[in-house]
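Quick note, the sequences are listed as chains A and B, same order.
Going by full-length UniProt numbering, the residue at position 55 of the first sequence is 55; the numbering climbs one at a time, nothing skipped.
Going by full-length UniProt numbering, the residue at position 846 of the second sequence is 846; the numbering climbs one at a time, nothing skipped.
Calculated directly from the structure, the hints in this document are not laboratory data.
If you're wondering where the values come from, they're calculated on a predicted model, not measured in any experiment.
Treat the hints with care, since some could be wrong.
Stated by the list, open to error - Partial list, computed: chain A residues near chain B (C-beta under 7 Å):
(1) Thr4
(2) Thr30
(3) Ala39
(4) Asp42
(5) Tyr55
(6) Ile116
As the list claims (entries may be wrong) - Only part of the chain A face toward chain B is listed, based on derived beta-carbon distances under 8 Å:
(7) Pro16
(8) His31
(9) Gln34
(10) Phe35
(11) Leu105
The C-beta atom is built at its ideal place from N, Cα and C for all residues, glycine as well.
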Amino acid sequence: MSTTYYFAIVGATDSPLYEAEFGIHRAENTHLHQFVVHAALDLVEDALFLTNACYLKTVDKYNDWNVSAYVTPSNVRLMLLHEARSEDSIRSFFTDCHEFYIKTLMNPFYEPNSPILSQAFDTKINTLAKKYLL
Amino acid sequence: MSVASDAERKCAPFLTDQGVDTNVLATDDIDPWAPWYTIFRQQWINEMQASEHESFIHPVACMLVASSSEDDPVGALRALQSHATIKRVHSNSFGGHSVLLYYLLVHDGRDTGALQKIDQKFDQVRRAFGQNSSLLKINSNVELIEADNNDREKVSSVWSNNLSITQPLAAAAMADKVFGSMLTMRDVAALKDSVKQMMVRSVVPHMQCMIRVLSDQTANQRRGITGRLFSAGRRYFGASAKTTSTLVAVDGDVYFRYDSPEALMRKLADYSFMLKDFRFAQSVYQVARRDFQSEKAWKCYAGAQEMVGVCKLMLEIHASRAEFDSNFEDAAAMYFHKTQTPCQYLALRTIIIYYELLKHNKLYSFAPGALLRTPSSMGALYGLVSEQAAYTYLKFSHHPELRKFSFYAMIAGQAYKKSEIGGLAHRCFRMVRMALYTSMNKSSSSCKNEDKDGSEAHGANNKDDTDIQHIAASSNWTSIDSFINHELGLQCISTQNYDEALQYFMALLSDDHIPAKLQAKYLQELLQLFLESSDSVAGEVKTATTKPGTAMELSIPAIDPSMTRVIMSPDLEGEDGIFEWRQGGAAPSRIANNSLNTTANLCCSIGEDVAILLVVSNPLTVGITLNGFTLACDFKSVDEDLSTLEVTSPAFDVSSVDSVVLEGGQTVMVSVTITPYCAGDLEIIGAKYLLCDILPVYKPLKLPGRRLNDTAEQRITPTYSPDTRLGFRVDPDFPRLEVFLDDFPDTLVSGSMHRASVRIINRSSHPCYNIALWLSHSSFFDVRSPEKSDSNSDVLESGECSNTQGMYVYSDSVQEAEQVQVTNVLRECSMFVIAGQTSSSPVSPSLSGSEDAARSLHQLPKPIESLSPKETLIVPIWIRGDRVGAHTLRLATGASMAQAATVLSGATFCNMRSRMFDIDLVVTPSLRVNAFVRPSIRNPHERILGIEVENMQPALDIELVQTTFSSGYYKLTPLYTPNSFGLETSNHQDRLRVGPHQTINLMYSASPYGSAVDTKCTASEERAPSEMFTINALRQYIFSNEKPTTLPPPIALVYSNAVLGKRGIDCVHSSLQGYISRSQASRRRNLLRGAYPLIPDKYLPVLFPLYETFGIDFVLFWSEVGGSCRSGHHSISGIDLGVPHDYIVEALNPPSKGIARTWLKDTMQERETLIQSIADRSTMTRRQERPLDVSIKLINVSSSVSSGDAPAFYLADVDITVYNHSWRHAYDFALDLISPTEISKLVPIGVRLDYSGSRSAWSWCGTTHHLMSVAPHGSKSVRARLACSSAGIIDIGLWELNVQARQTDSQTLSLSDISRPTTVDSKYTSKNIECTLYPLQPCFVNIAAN
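Pulled out of the complex, with its shape left as it was, chain B reads as follows (with noise of 0.2 Å):
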């Protein structure tokens, strides 16, 4: 098999690297294809044998052959005639008799003097043998041939050509003889013509004799009913015809002697066939049949049944199936099936010799159908015949049948591996693979043609190469790939063609739907496979494997590159990265996706730590391992020079990781860490490890970036930016900082105040300048200067201190009351400047206000100037218990990327490199504090406050220190001493203990602070500074294009403290007021945004200012009593002392001028909507309030006697003082005393309490109805008096006020003013504009007699 040997390692032409090549499969002949069919049928027909059943490979004719040098030689031939093997082909069984003996008189030109005696000779020849008789002159003659050598090469073509085509084996076996030595061209001619004579004069007649013969004897048969009576008659009655007719061969078979009708028809039809007449034959052959059939005779019938349906062939081409197919059917049926052994032989000719004759008629569809007919047990043979019909799937005529013709390989696949012809088995089977996967995959096999061009220019070597990379692809038919690429493996071990089997087996292990048990099969196989091939190649070429570019590609384990994560710094806790510092005071966050359009998106420090975090998952149901897991890197430096250098000392130092044990299905996160040594982008570009410890694999982790989207091509076809997730660069200027947190606690008491630090290294080698923090909590945390520390024993000394000390500042001078003028600007307080410098002025005069309000940068008092490299800074923070519950704390430091000292702006806060922390604190409670107001009776100025505290703690005492009230208006006095409640012991009398579980209450009186009633001041922009602010503020936001821009002005707070311990605490010049101001303002702030939604953060400090006027914010110093001394504080701001001041909607009404025109309809709708939310919320959150109080006093009482002894009644005098709580508003008001008696007319039922009793006994007497009108804050009073029947004590609180507020100025203009009308009228307006009040307790006074 030396032709196939060449084939096999080449596939079918139709089958390229693009496809199926349809152009070749419509033009070509499928014998190429396969060439060893070829020599396999030429063989077939060579050594096919005669069968007594036919009368095809039987002798006609018998040639007799003299020399012309030989005296007699009609002498001669009569011996030849008399020889036995003569006379037994004469009488041979099948030819009967009538064999052709022809004569023939061979003449050497050699011999030139007998040419008279040859003629003469041969006479004698015809005379004896008559017709069939020839001369035939030949030349031998030495001379004449080595005259022309070209002649002689002519003459031996002539046999060599002849030979490679009907016997190519023996050819090739004698490539090198010389046929035809002696012969000249002329001699060739005279063979020819002679073997011509011999047909057209002896032997054709002969047969055309003999047909005409046997036409006669057989003509009663094949002449309609009659033959067929005559023929029946003779079978059931001349029982002797038929005992000689039949006879049954050693086989078993049933044949006909060579002169029973039957076999003399036969051999009449098979005559008539070689003849060429078809039409003829197949009449005989038909009628021969049917006799063969009634005789049982099945091979005969079966040759019948063959003849007739290749005579049917012969004759019409377009037949249709039905007419010889089943024809040939039968036959291989009967020949298979009725038949002894041998007829296997003559069936497979049936089958070969249909398959020629569609094959000649391209027939292909009956193809198929025919060539499987062969039996499975047939081996090669049979794998051959299936190759066969495999591509007759392809020359289908409508479309090529891909699938078909893959799975008839597949079968001759396997066919060829059990007889071990390995060859051609992988052959099949990778054609199969290669049709799949063309039929599969027609889209991706444009991509391809650039791995073919490059394959071409290495040579044919490569081919298989490019076979290689389709061993990838796959169909989505899981079993037929794994089938196909496990045998093609084997097939590629049989054959030592490691490389190639290796990759058919990793294709193998890619599939993650086989079941378990072939999978660990598979991998022991490939682990196997691997071994062998290093060994059988650890002689020649040792490079090859530890080479680590030759390195295999494995699907397995899985790693999803996009999963993939870096991480610098591994080692250090919080999130690193490089975030946005936004302004305003909300979070920094990761910057998502880089807008500055470098390489890398990520950077690291250089020497700094890079941990790779891969996900690892195994799709198998086995288990394998992975070791010395590690990262292939791709670096570029940046310095040009410097990448020369690399060489010698390495750029980066990849770790590795020793085993990574994946069970079946699971998913591991493996990390690697990268330092690298020298600046430049590096990248990942591969994950390196050995599977189980043998196979070394490299795999490639590519991303696809971005999905374009930018011109119409993008667009069209899918194009990706490049990646950038799996690279960073080492940039040495980039800021590389350790940040620890020191001492933060886990729990903390609600209100306790502890010492913790942040402790900052700076570890590049460069100093840090600018270096910020972040709080997202700013009313937990107090941040105080840094300070620099150049060793940790100092962090731990503060630490272990962290009591209260440096929190509080106890002073023994504290005030009772004083007034500080204080900054009102609600600033933003999250983010601190730990190093670096802020513009000296803040406010340049370009910028609005509000801009630099809303920035915020708050500045330590001390930040110092820059951090040089391994310095360590230590920002100490008092972290307080702010709110009871579980609180995630975020914290976050940031050091920008610039070099210089450059002044903080805005812009440098931008971007930096960040590590956010979250920290979880639980903060448990302690005390309880309630505010809660009454109105005083005795003096209408004044209310009560009440402080309720409860101590929530259940085993501890907790000592009260101080409270201290701050207040624009108001000044607090406690309204009894401490040891008035009689729980204290003599020891400790001043102070005030709760006892766990207990409650106790302290009741203060706000008054009006001196200097604040002292200055008649009658503007209320004086009164009320930051509420009017307040009001123009918000009027302009609303109402104006231009927003406001000018911040709250100072205010004047008045610190009321109460000391209750042994010693005050300063909290008004030291630093805790500066926490206590950011804890409020984070407070205010956040009760701001949750009020009015609909406006920004970064206007509220221009809107809003940090203190009211009138609200009193309420700060409670403890301390706990026992072994540790912790202490705290409880604060309470804005405690409304129930006077109106809902004078934020006052700014709803449009002012008289300067309202910004709205043109579109948004705008305005705009408008009206946050118009409507904060009256909403105005309307919503204020409960009913009372403008003004009154008060009774009693100033005398007479008693006055009417006539007898007795007094009649008494006259009481009282000072009714009616006081404005208003600071806005002056109002007019009615005033009616109401006597007992009108009372049921007056005064709604269920008012008052009930009067009964003494009601009736007094009344009013003199005016009972004023008109009045009191100014704001103002107090106006009325005399009344009042007669009573007797003495005792009475409730005089009867009353009815009647209060209309006067208009202001402004406000009658703007309502007057609006001519148009707008969205917005004058709706807005207080609400106590007009009301009726009542007594809401009573009023006891006692009327006593002198």
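Isolated chain A (complex conformation) (with noise of 0.2 Å):
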């Protein structure tokens, strides 16, 4: 597939706490990407009062790309910029992605809202990836 992905952890801080692309990516474009999901954390703040759920499907569009959100009870956002619509996996990837989160929350070297720099997460989210979004 031809699609891209870019995938980032927004902490409470607004400071991205991991960033991972899957798919075909063009370096030029990082910055773009960047840019569209940090402009739909807006957006996002604007959803939350819309639903009780975590998953808030696509809160932003912005030409092809598709901007999903999850927000997790400690306001940590999970942002997923896509191009395909497909609600269903995105939300099992996310549900799967909040699980690894809360996982390495778990570790009691880990500083809440610090970047995220374990290998073995960087892993189990591009498993996810393929799993869910390739």
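Now that you have both chains on their own, put them together as the hints suggest.
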């Protein structure tokens, strides 16, 4: 598939804790991905009040890119920039990512809202992306 | 774009240094944020063109003007009327002959004479053209105008003001032009009246009339189902009508003729819209829209859609989105996609009008969506629109959406950049930066306040500087940051604003998440940029780059200030620093945190090299080089006067490192040397270097100090003390010694001695008075008296002949046994005074003995007084491989900072500048010496001591030279001469040689030394002073409040020497004795520490003596046979002959009086634990002991003849001697002699050897049960007789001894006297108090016939 995915975990302080790109992506677009996801954070705040669910579906779009969001109870936002719309797989992707994030959070050496540098986490997220998205 | 150029340097006012000003956001209009948009909009309106699908820019009325000076104004007007232009307007395809003609007669007030004629002429005109005509009187009288200059300006401003609003660009171009120079204010009023009259009287009525007419014409179409049916019928059945009404324009769009019902309807709607009947207009537009749609006239449809939306917005402010937004969206989409190219203009018009309406109604939430329908292909226009969209995000009612703003500002910036409007692009990017920064770092913005205050004082020019300070800050969105920084940097380069560009590029390089390719590119660009900028400024201000202050701060490479180490005199070995020399012989330890509250933690002497080690790491993935790496230092002289002189002579020198190459991600340690020349405080404030030999970089090194936690405020907000790690003090009084370890070996054969020396050179300008030496393993070292030396040759010489000379003093008169009175104090001897004086009287009366003993500054026999500058001191040290294995020995020298020659006490030795060395030493095995003990059958006083010597060396013969035993009680005599081995050749008869892997045994008999036995001392204090001392001291230690203070009394040691070689070694009166006793002390300390961990070190000397009375220490001297004349000695200390001396448990019994009352449960618990541990220890370690020994000696044998010739049996008399080994107890014992026939009854099976054969052939006769008592160290003899049936050798060692210790007075007292229950009862008594002994070995006697 020739679609682009950009996944970011944004901490409660609005800085990204973890970033990953799946699928085909070009280097010159990376900053645009970040920009779009970053801008979509504004809309996440609005969308939060419209639903009880963690998964907010597609909150924003820019040209061909959709941004889906998932908000954890601690206001950590999982943001996924994608082209194809497939709500169900994205939902399960988010749910599993959330689980891994919680496991990371339980690490006593991990300071909440600090960047996640764990290699294991990265591998797991990539596996999830292969499973659900690509 | 002159307006733009002013504004583009400034950011929008809502972005301040403190963040986003929400008040400004809420109150301000968008327009001033981007003034060029307003200009664009006005220009756009001015240049709007008419389109055939609507009637907006088409003429409604046409004004024909004639002058009153005309003779025939009617004729002139008619001529105009028939003019081709007017005709064309009138018969316009859209206007459709409905253009109103309006006639105006203008009269110049200067022609005062023609006033009557004018009325006349106007009447003519009115008569000719009817209602639609009017008369305008204006003045052009020069005198009138010049009379009032003020009036003239007023008139002119009417036009210029108007122009500046409607046509700002044109107005700017004609700024100095005077408008209406011939008019007065009255004329202006007249003009206004005239226009108003025209509108009210003619145009509006005309339009109303048109509306009425058109309404009638199109009525059927607008009325319900019939109209629709009619129109449908006409469409399907009246083909001719269709062809006439629809036209296809040149560009391919479908449109309608002016007289077609659809066009008429549109016109009706437009007119009613113009007359503000929006509701009616909307309904008509909606009908028309439907018709246009069915005709597929998309342009017209889009126009109608647009107007429907406009009407809705004009009517209902609070309309929901669906009602108008869809209209506009549809309209824009139609214009863009269903029509041909020119309609992009119309689409844009739709968007702009919609946006303006939204702004007017403050419905900002729709605006971004509307604006962003603009296609991105529109270049600068797209940028303009995106910028507006970005602003509208900030005007959202609930909260400003900063992130959206920054996104669209970025889009706008990119669009501007593409269309090469650099200034605007830069502005946009900068706004993005600031918005990102403020939204990310709201908390840190408060600290920027000070900067802002400072910059305001310097005027507007400094505004940029404060912006630049923000550059270092970043959001955590790395690619966003790097993109923005890069764009900003590029824009700055293009405007030749190099300083700012540099800042941006440096911020770029600080980010380590950028891929390597980009990093390399950025670095390249930065260097290029620097070269360019330095070229450009070279002509003007050359000093800018050479001045050190202007060197840039760059985040690469990373230098971690907390990893920085300051090392004094880096060329010397060993660990340097101010160490705390503790009491009790513990290792001197570095003072961790400075408690002395000086500014600098570290000190160095003047002229001393100080190495600064910096850890430099490259965060980039590409390699960089640093050239000319050096440090910037801040020097504060102690002397105020001296600071003025600094200019002439620098206070310090800093070396620089030529080139440091750092690969990507590499970490390198850089060492820079500083040499101070003046006294003062030196602080390292930063590092300076040239990045890649081009870019001068200054990197400040700053560390927060300790986190303060003293006051409540400090606990709430983190405050830090000033850091002292990066500074040091230059103190001329600071001792500076160079210490070298000369000739220290790596490997040693175990037991052998090696001479080494410590060379100390005083490099400071002051004499050093107090020098001390500390050794970790005192048993490895023998420190001799230091000697001053001026040349190094002596050292080498003495190093060469480092054999055993001087260590062992050979003497020919070594006595076999001599008794010497020696001190018995267990001293800690790991610390030596090399220079300085110790107090002559070691124990001042006030000081308790324990403290003095614990302090234990061991003074060498001849310490020097002081060490003058440049003098060399050599301390000879003998090293002995004491234990086999790899050891790390530590050696520390310390020089106190005291100036005068003070008497060394504990206090002066607290903090000294010290140098700590680690010496690795491998000790290989040479001899293994074991001792074993046997009881002597011959004499119960004696014990047989065997020494087993094994040569572990694979290829070395070792000669034993001498054995020396020292004991307080025993004298040891060799049991046989060495040549009884038969190992020796006749040449070396006297010597004992142990070949490789050979083992020999040396046997000695230990018997009480004459004097010790002879003195019939009854008191146990005299018999065993050290043991009694321990018992008393320990008892006092445990049970009393006052800890014991007295030191053990001296002991008389018996030295028993056995010279095996040619010459004996004097180890009694030579300095060897000192070493042996020191190593004995260290060994014993270790032993005691392990055995009694609960007793603190400082109490050991007052509790335990150095030698125990009944222990035996053994020293074996040997030398190697062969080329190397190495020699050494082995020693075994504390050989235990198996006599009962578990006397320590006695100390556990509480004394009769003086038990300290313990009120606290903890104290009691503590005491009990201590007692328990000592008791456990003594029961655990002691093996089974025999307090008494029995020896049997045959006296005589007599044969008894019963009746016949042959003797019936033999009678033998034996002496049975019972000896008491104990020095402590007197024993009552019952000796039972057992005949072999009774043996199975009495002796437990398995105790003795097999008694078969001749056993039954003999028997004791007479009394076999003896009750006696024996004093300590005493003996009792019994004469017994046995009868034997036949001659021969028999074993008569058959007895049973029941022993009971006689209670001493003190013990019985203590047992009975305890009336109240204490935690300690007298359960801790010697376990030998009651026991039964059996013979250990057979005792053969020869019963022979005479």
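Practice item. Could you tell me which of the hints above the structure violates, numbers in ascending order? Key: Result: hints 1, 5, 6, 11 break, sorted rising.
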